[in-house]
Amino acid sequence: MSTLQKHTDREYEAELEKLKEQVLFMGARTEELLTQAMRAFAERDADGARLTMRIDRQVDQLELDIDQLCLKILARRQPVASDLRFITTTMKLVTDLERIGDLGVNVCERVIELSAEPPLPATQSVTRIAEAALGMLHDALDAFVAGNTELAEEVIERDGQVDAYYAQLFPELLQLMMKDAGSVFRATRLQSIAKYLERIADHATNVAEMVVFMVRGKDVRHAFALSRTDD
Amino acid sequence: MTQSVSLLGATTSARDSTRSSARTSAPPTTDQPKMRAEALKAYFGATEVLKGVTLPVASHTVTAIIGPSGCGKSTFIRCLNRMHEVVAGARVAGKVLLDHQDIYAPDVDPVRVRRRVGMVFQKPNPFPTMTIRENVLSGLVLNGLRPKDPGELVERALRQVALWDEVKDVLNRSGTSLSGGQQQRLCIARSLALEPEVLLMDEPCSALDPIATARVEELIHELRERYTIVIVTHNMQQAARVADFTAFFYLGELVEHDRTDVIFTRPSEKKTEDYITGRFG
Amino acid sequence: MTERHWQRKLVDAMVRGLCLVATLAALVPLGLVLYYVTSRGIGGIDRAFFTELPKPVGETGGGMANAFVGTLELVGLACLFGIPPGVLAGVYLAEFGERRFAKLVRFSADVMSGVPSITIGIFVYTLIVLRTKSFSAYAGGVALAVLMLPTVTRTTEELLRLVPESLREAALGLGVPKWRATLSVVLRTAAPGIATGIMLAIARVAGETAPLLFTAFNNAFWPTGLGQPTASLPVQIYTYAVSPYDDWHQKAWAAALLLVGMVLILNVSARLLVRPRVRSR
Chain R
-12 MSTLQKHTDR EYEAELEKLK EQVLFMGART EELLTQAMRA FAERDADGAR LTMRIDRQVD
48 QLELDIDQLC LKILARRQPV ASDLRFITTT MKLVTDLERI GDLGVNVCER VIELSAEPPL
108 PATQSVTRIA EAALGMLHDA LDAFVAGNTE LAEEVIERDG QVDAYYAQLF PELLQLMMKD
168 AGSVFRATRL QSIAKYLERI ADHATNVAEM VVFMVRGKDV RHAFALSRTD D
Chain Z
48 MTQSVSLLGA TTSARDSTRS SARTSAPPTT DQPKMRAEAL KAYFGATEVL KGVTLPVASH
108 TVTAIIGPSG CGKSTFIRCL NRMHEVVAGA RVAGKVLLDH QDIYAPDVDP VRVRRRVGMV
168 FQKPNPFPTM TIRENVLSGL VLNGLRPKDP GELVERALRQ VALWDEVKDV LNRSGTSLSG
228 GQQQRLCIAR SLALEPEVLL MDEPCSALDP IATARVEELI HELRERYTIV IVTHNMQQAA
288 RVADFTAFFY LGELVEHDRT DVIFTRPSEK KTEDYITGRF G
Chain Y
216 MTERHWQRKL VDAMVRGLCL VATLAALVPL GLVLYYVTSR GIGGIDRAFF TELPKPVGET
276 GGGMANAFVG TLELVGLACL FGIPPGVLAG VYLAEFGERR FAKLVRFSAD VMSGVPSITI
336 GIFVYTLIVL RTKSFSAYAG GVALAVLMLP TVTRTTEELL RLVPESLREA ALGLGVPKWR
396 ATLSVVLRTA APGIATGIML AIARVAGETA PLLFTAFNNA FWPTGLGQPT ASLPVQIYTY
456 AVSPYDDWHQ KAWAAALLLV GMVLILNVSA RLLVRPRVRS R
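Protein chains in written order, with the working numbering: chain R, -12 to 218; chain Z, 48 to 328; chain Y, 216 to 496.
Hints are computed from structural coordinates only; laboratory data are not their basis.
Just so it is clear, CB atoms sit at the ideal spot from N, CA and C, and this is done for glycine as well.
Mixed in with the good hints, there may be bad ones.
The following label-pair restraints were derived from C-beta to C-beta distances [unchecked claim]:
1) Lys195/Z <-> Lys393/Y: 22 to 32 Å
2) Gln(-8)/R <-> Gly92/Z: 30 to 40 Å
3) Leu398/Y <-> Lys195/Z: 21 to 31 Å
4) Ala406/Y <-> Arg(-3)/R: 46 to 56 Å
5) Thr101/Z <-> Gln45/R: 54 to 64 Å
Work out the full structure, taking the sequences as your base and the hints as a guide.
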């Protein structure tokens, strides 16, 4: 995107610029929500988690605003080519970001539940997933801003790592539960948080795939499901 | 139909045989071009306005030519039926193949080329001294051909352009008494009456209002079944709406030629991208 | 209302008044001529005026039948000699003319239209009358034709230029050969205007005296052939008007009235011709 000249129509240019800023702001708010949720998780801070959940309202509002702006641009400018791909990507991307926000809220809910209980030793493994997932989201958004397909492809690769961490967590929790039946409640809560984080990584992967499409005009989604040979 | 003008021995049956295979759901290809420009250059005096364009035009498709003013797009389609050379000082080099035969070969009569490759112009230009009916028949009459059943031919041509119901009671009025959009459809009917194989349209809607434009575009969709159409347009949305293929010209050169959906979603050339997204100059 | 407003109104009224006065000043002579010629000439118009030959000097009565017929004859010959080359030259200038040669032709036509008509009379006298050793209707016709030629040429050219280029292109685009397009479309479109121009040219030469004095000369009898001296209304008027006889003066006025009437009819029919053949609405 950044390699392109500016639009002849300055107002159009400004609208696209504004749209991009809004998406970045929404991304930043989502990242903030997750970071705060994980901080509350680490510090077992129920109040912090409650406070963090409020950020989601802002994220939801941003989704509405961005959709509105996209519709307006579609109706008034009939964008084509890279502009069209940018708009359609944005419309889908905000859905993913909104879902990530919801998952962040779910994390906070589990954090509140867990804060009343004594800690379990598996916390470290969950944090590991969180760091990986958050890193993916951060890089996917960076790739979107910079139109960097290499970074986006790297993000897509990293989803496998998160899946692997998640797979490793389950036996760990199973062992804890078998050792001590009293830990079942906490272990299942940890399992849920890990599941949310794994989903967040999937959404980050979606974002990265969209970035590749947006920049190259090439669809890389469902690469295994459909062996389409569309040039 | 008295019309059986065949320029280079090509018969109309060639067209019929491809008709059935047109309009399938598969995306159109340029595998079997109806026309093909090869290293086509055009000049006005010493100025080179087309700098070696090679472009195939697939049978039974609509090809749109887009590009900024002065990019040579009008000149290009005027080369496809040898109308470029009617202007004093205009010259052409290179080849234009129509059914694999060069229309610029020395033994080819440009007049016959123009009967096979019809043209519709930017401004509706019905003959003012003729009635609507005479306008439709003018291509034949001026060529000294007498249709067997002129009434039937007039009705068929006017029905093809969806004008029959509007004018059937006023066929003896002047062609210029119609509205702009009707006049343009009359001009298209006039071209179709000669049963051309290819129809060239030079910004056919630029003088029309949106409703008249929509009707002409609808007409283009229908005509594609029977004719091969090349349309020059300033309106990119129009190209996106009506064309199977789109070619982008810039400064007398063909920058990019591809399926319309590809051009408008992911063009390969940065110049194309800049032009269609409005990032020019 | 402000003062400015009244000032504006005043200036407007003054300019309008001046224009009106100027128009009246131009109309008054025309009205006076018509009135004078009618009042003096109407008395001389009777059956004999149209049917009888002039009586010898001294006898009263008789008419100008021979001059009336002679004028028709001369104008007819002038049309025959003048219109076809004039129109074709106009077509050449507008449609085919190469720059240099066309410029030369145009220049000569303009110069020729400024040459005094008596000069043309002398020219034709030298060219034809001296060689054939006889005044003749031919010579008179040629003289009038030469007089008409530049007007007809230039009018044709100008009117053909007014025909929009798009009509030529429309015809060529239908595969019509250029000569056919020029004749059937371009010339036909401009025809009413050209006819008007021709009518006006005829009206002008019908009243010419000077070129006829040396060419058709005069004749007191019925014209027996185109190779004979031929009477005409203008020459007859001239002869009678300078004579000392009252009866001849009376006849000259009547002939003048007839001439004015003919010119008027030509002018009016020229105006009627401009109406298009096909109804527009």
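(message) Taking the Cβ atom of threonine 101/Z and the Cβ atom of glutamine 45/R, is their distance within the range 54 to 64 Å?
(response) 56 Å, holds
(message) 30 to 40 Å was suggested as the range; check whether the CB atoms of glutamine -8/R and glycine 92/Z agree with it.
(response) Hint holds: Cβ distance 33 Å, inside 30 to 40 Å.
(request) Kindly confirm whether 21 to 31 Å is satisfied by the beta carbon distance between leucine 398/Y and lysine 195/Z. (result) 25 Å, holds
(request) Evaluate the given range 46 to 56 Å for the C-beta pair formed by alanine 406/Y and arginine -3/R. (result) 54 Å, holds
(message) 22 to 32 Å was suggested as the range; check whether the CB atoms of lysine 195/Z and lysine 393/Y agree with it.
(response) 28 Å, holds
Comparing the model with each earlier hint shows no violations; every hint is respected.
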